[in-house]
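S.K.: As a plain string of letters, each chain reads:
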Amino acid sequence: MQDANNNFYEEILIAGFGGQGILLAGKLLAQAAMKTGHEVTCMPSYGAEVRGGTANCMLVMSNQPIASPMVVSCNSLIAMNKASLDKFAPCIKSAGLLIMNSSLIDEMPKLDKSIEILAVPADEIAVELGNQKVANMVVLGAYLQRRGVISPDAAAACMEDVIAKHHHRTVPINTQAIHKGAEFART
Amino acid sequence: MCGNEALSEAAIIAGLDAYFGYPITPQNEITAYMSRRMPEQGKVFVQSESELAAINMVFGASATGKRSMTTSSSPGISLMQEGISYLAGAELPAVVVNVMRGGPGLGNISPSQGDYFQATRGGGHGDYKTIVIAPSSVQELADSMSRAFDLADIYRMTVLILADGILGQMMEPVVLDKKPKPPLPAKDWALTGAKQRPQNIVRSLWLKDGALEKLNYKLQEKYRQVQKNETRCEQYMVDDADIVIVAYGIVARIAISAVNKARQEGIKAGLIRPITLWPFPTEQIDKASEELRIFLVVEMSCGQMVDDVKLAIAGKSPVVFHGRPGGGVPSVDEILEKIRQLTVRNSV
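Protein sequence lines correspond, in order, to chains W and R. Residues 1 to 187 (this note's numbering) are what the first sequence spells out, left to right. Residues 1001 to 1348 (this note's numbering) are what the second sequence spells out, left to right.
Just so you know, the hints here were simulated from the structure itself, not pulled from any lab data. Everything hinted at is true.
Below, computed lysine-lysine pairings styled on DSSO-like, alpha-carbon distance capped at 30 Å:
| hint | chain 1 | residue 1 | chain 2 | residue 2 |
| --- | --- | --- | --- | --- |
| 1 | R | K1268 | W | K93 |
| 2 | R | K1261 | W | K93 |
| 3 | R | K1310 | R | K1338 |
| 4 | W | K113 | R | K1261 |
| 5 | W | K87 | R | K1261 |
| 6 | R | K1214 | R | K1066 |
| 7 | R | K1261 | R | K1287 |
| 8 | W | K165 | R | K1179 |
| 9 | R | K1043 | W | K165 |
| 10 | R | K1181 | R | K1218 |
| 11 | R | K1228 | R | K1310 |
| 12 | R | K1316 | R | K1338 |
| 13 | R | K1261 | W | K35 |
| 14 | R | K1179 | R | K1066 |
| 15 | R | K1179 | W | K35 |
| 16 | R | K1222 | R | K1208 |
| 17 | R | K1178 | W | K165 |
| 18 | W | K133 | W | K35 |
| 19 | W | K87 | R | K1338 |
| 20 | W | K133 | W | K110 |
| 21 | R | K1338 | W | K93 |
| 22 | R | K1043 | R | K1178 |
| 23 | R | K1218 | R | K1187 |
| 24 | R | K1228 | R | K1214 |
| 25 | R | K1195 | R | K1218 |
| 26 | R | K1208 | R | K1218 |
| 27 | R | K1218 | R | K1310 |
| 28 | R | K1195 | R | K1066 |
| 29 | W | K113 | W | K82 |
| 30 | R | K1261 | R | K1316 |
| 31 | R | K1287 | R | K1268 |
| 32 | R | K1222 | R | K1187 |
| 33 | W | K35 | R | K1178 |
| 34 | R | K1261 | R | K1310 |
| 35 | W | K82 | W | K110 |
| 36 | R | K1268 | R | K1338 |
Some, not all, of what chain W presents toward chain R, calculated at C-beta under 7 Å:
| hint | residue |
| --- | --- |
| 37 | A30 |
| 38 | M34 |
| 39 | T41 |
| 40 | C42 |
As the structure is a computational prediction, the values presented were derived from the model and not from experiment. C-beta: ideal position from N, C-alpha, C; glycine also.
Pulled out of the complex, with its shape left as it was, chain W reads as follows:
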């Protein structure tokens, strides 16, 4: 992700099914990257269904201008369900990072040993917070903590920018979820 000249180029895939907040997590990460002075592209891709279809989000963050916004192989994968993990795990580069939602994925994938795997019971943590829907923010918090490109605080500060005004009452619980995820990744 980082080379000898301190240039970095981080390719991230966030994947799950429609309704898990994949696109919101991607938007928040993109907004935070922009606000912290990084170059960033964010490309959502989803099925025609509103819920239950596939949803994923490709992000590139760098300190250099980004040419292709398409992510074919990634440094980091955030997999929110089994189908996404199966589909995208082969795309993780060596020495990459996998954050997986162990609430919905019951077995550890067999991956190259250089890949770090962090299993986060995101749905359980979200339910404890009071809303299962914030599982997306839990895994994002864990990712931010582990990767260290953008701090969980910087991302949390962008929450109001990406959540629609009529949902702003959910800003506190989403922010809590980011911090819970980060805390989980620290311990």
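Given chain W, work out where chain R should sit, using these hints.
M.R.: Just chain R, lined up with the frame of chain W:
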């Protein structure tokens, strides 16, 4: 901002008076954005009953001298072709955005560049052209809007912004240019009420003997002026290149990554990116082909722009095509592999 929202806000800044549209993925964000922002600005927003209605509403608003636009995606743009032809015949300015999706038919919602022929050959019936601008980033998409409205007004013709599902959907940081532009000449042809002046007539029906031919010669002269003055393209590392990729829109972005990787391997690759697809940068490509080098045309189609590249090069250099049709997106590695194959074969 996503590309669709960025172009919408940029259009409003450019002085859009009236937006007409019918929803279709992957450009729904435009209609949604306009439905909120245009009334806020005291401007016109109409969700029409069909794409046919939308383009004819654009015709009507434009005839009164107002800046008007519509947006759609491939199947919807097909429906609009009759109206675009009428706009050309009546010499009315209009801005149309096509966020292309996979075809033919209803196809699917994934990105495509399959509408190149339709966009650059006029599209509807009759001997006419539209100016076609193909941005390759969200920033450029936004910047293109004010240029599109200016060109439409100056030449009194349709300007088509040809984007694709990726550009429409992807999010990138954007700086919106809010500087006021110098005013353009008044639209003395517009239908604004004929008090104290002779009446203006806007029409595309020319029955009098010789009148239609005369109009067509006038249009062709206008198109020659556009070709002379408004052709744009970007060149990237072309000077010493042994292999030159020609690609537009989002594919050019992917191709730049492939060019950079090829350069790291010591392969002298470069890129020509047509920014206007009509007028096509024929001269620039012709000039680049004076030295013998391989041209690799990459498109999200089965090969459409490649014809224009071949016409420009006229056999002076070999032209190879690589494409992914109907919703497929070429990857950086795929293009890089093609570059490797072509340069190895060439050096043997």
